[in-house]
Amino acid sequence: RKEVEQDPGPFNVPEGATVAFNCTYSNSASQSFFWYRQDCRKEPKLLMSVYSSGNEDGRFTAQLNRASQYISLLIRDSKLSDSATYLCVVNIEWSFGSGTKLNVKP
Amino acid sequence: DTGVSQNPRHKITKRGQNVTFRCDPISEHNRLYWYRQTLGQGPEFLTYFQNEAQLEKSRLLSDRFSAERPKGSFSTLEIQRTEQGDSAMYLCASSFFRDRGLEFFGPGTRLTVL
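So the sequences go chain by chain: A and B.
Heads up: the first sequence begins at 5 in the numbering used here, then just goes up one per residue.
Heads up: the second sequence begins at 44 in the numbering used here, then just goes up one per residue.
Don't read these hints as lab results, they were simulated from the structure.
Heads up, the beta-carbon is just placed ideally off N, CA and C, and yes, glycines get one too.
There may be inaccurate statements among the hints.
Said to hold, decoys possible - Residues from chain A shown here face chain B by an in silico Cβ test under 7 Å; the list is partial:
1) Val17
2) Phe38
3) Pro48
4) Ser53
5) Gly103
6) Asn107
Said to hold, decoys possible - With a straight-line cut-off of 27 Å between C-alpha atoms, the simulated DSSO-like cross-links for lysine-lysine are:
7) Lys49(A) to Lys6(A)
8) Lys6(A) to Lys114(B)
9) Lys49(A) to Lys105(A)
10) Lys46(A) to Lys6(A)
11) Lys46(A) to Lys83(A)
12) Lys109(A) to Lys6(A)
13) Lys100(B) to Lys114(B)
14) Lys54(B) to Lys46(A)
15) Lys46(A) to Lys57(B)
16) Lys6(A) to Lys105(A)
17) Lys100(B) to Lys49(A)
18) Lys49(A) to Lys109(A)
19) Lys46(A) to Lys100(B)
20) Lys49(A) to Lys57(B)
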């Protein structure tokens, strides 16, 4: 079983839609969680940390569910520029998920 | 300081050859990480340095791979006797605080083994 699992997608949504991704992790001792965004053939860029109480940054909301061992990312009012692959990271040995591809269409 | 830099950006080599990549982290960052990413996959952790000490090394890192950070600044990753399966993007990242996420990735070195 992989340490971190994500639905690869793609998620095809229209502009303005709300879209959510989940990421499950296997190590219950994990302490730090993050979401990254990666554009095609570019390096990953840190999008946001995920705190136990949940956190929001503009149109992006991240949540952690320790009991079920998953984190989520919600994007509201999707923009064309949100099209990318979204990777979750769990801190034990910095395990990245395989990423969820998002396509926002006009 | 313009961020994390990696050289070369692209490397094409024949199977069996040795290759070496370099990463220059942000100057005040004491932590340096190497990852490998293949198409359609997330980055896989290879190894981690704190200053010049190599503190973690993935089980994925075979004996053909070696990394150094001799003075706690730049790092090199060497692959000996390359195989076609080594073809990937090799990413370097640096940070100061481990628990704040890896904010600074380099642009990567794309290796193609023919």
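The hints, checked one at a time:
Interface restraint check: Val17(A) against chain B, minimum CB-CB distance 21 Å, threshold 7 Å, status violated. With a least beta-carbon distance of about 4 Å to chain B, the hint placing Phe38(A) at the interface is held under the 7 Å criterion. At about 6 Å, the closest approach between the beta carbon of Pro48(A) and any beta carbon in chain B falls short of 7 Å, and the interface hint on this residue holds. A least Cβ separation of about 6 Å between Ser53(A) and chain B falls short of the 7 Å threshold, and the interface hint therefore holds.
A hinted interface residue such as Gly103(A) counts as satisfied when its beta carbon comes closer than 7 Å to some beta carbon of chain B; here the least separation is about 5 Å, so the hint holds. Checking Asn107(A) against chain B: minimum C-beta separation of about 15 Å lies over 7 Å; hint violated. The straight-line distance between the Cα atoms of Lys49(A) and Lys6(A) is roughly 22 Å, inside the 27 Å bound, and the hint therefore holds. Using a Cα cut-off of 27 Å, the hinted pair Lys6(A) and Lys114(B) is violated, with the two alpha carbons roughly 35 Å apart.
As the CA atoms of Lys49(A) and Lys105(A) are separated by approximately 15 Å, the hinted pair is consistent with the 27 Å bound. Annotation: proposed proximity of Lys46(A) to Lys6(A) holds, straight-line Cα distance about 24 Å (limit 27 Å). The hinted pair formed by Lys46(A) and Lys83(A) meets the criterion: a straight-line CA distance of about 19 Å does not exceed 27 Å. Between the alpha carbons of Lys109(A) and Lys6(A) the distance comes to roughly 31 Å, so the proposed pair goes past 27 Å and is violated.
For the given pair, Lys100(B) sits about 19 Å from Lys114(B) by alpha-carbon distance, which is consistent with the 27 Å threshold. The straight-line distance between the Cα atoms of Lys54(B) and Lys46(A) is roughly 16 Å, inside the 27 Å bound, and the hint therefore holds. Using a Cα cut-off of 27 Å, the hinted pair Lys46(A) and Lys57(B) holds, with the two alpha carbons roughly 25 Å apart. Distance hint between Lys6(A) and Lys105(A) is fulfilled; the C-alpha atoms sit about 19 Å from each other, no more than 27 Å.
The hinted pair formed by Lys100(B) and Lys49(A) meets the criterion: a straight-line CA distance of about 23 Å does not exceed 27 Å. Restraint check: the Cα-Cα separation between Lys49(A) and Lys109(A) comes to about 22 Å, which is no more than 27 Å; the hinted pair holds. As the CA atoms of Lys46(A) and Lys100(B) are separated by approximately 24 Å, the hinted pair is consistent with the 27 Å bound. Distance restraint check for Lys49(A) and Lys57(B): the Cα-Cα separation of roughly 31 Å exceeds the 27 Å cut-off, and the hinted pair is therefore not satisfied.
Violated hints, in rising order: 1, 6, 8, 12, 20; the structure is consistent with all others.
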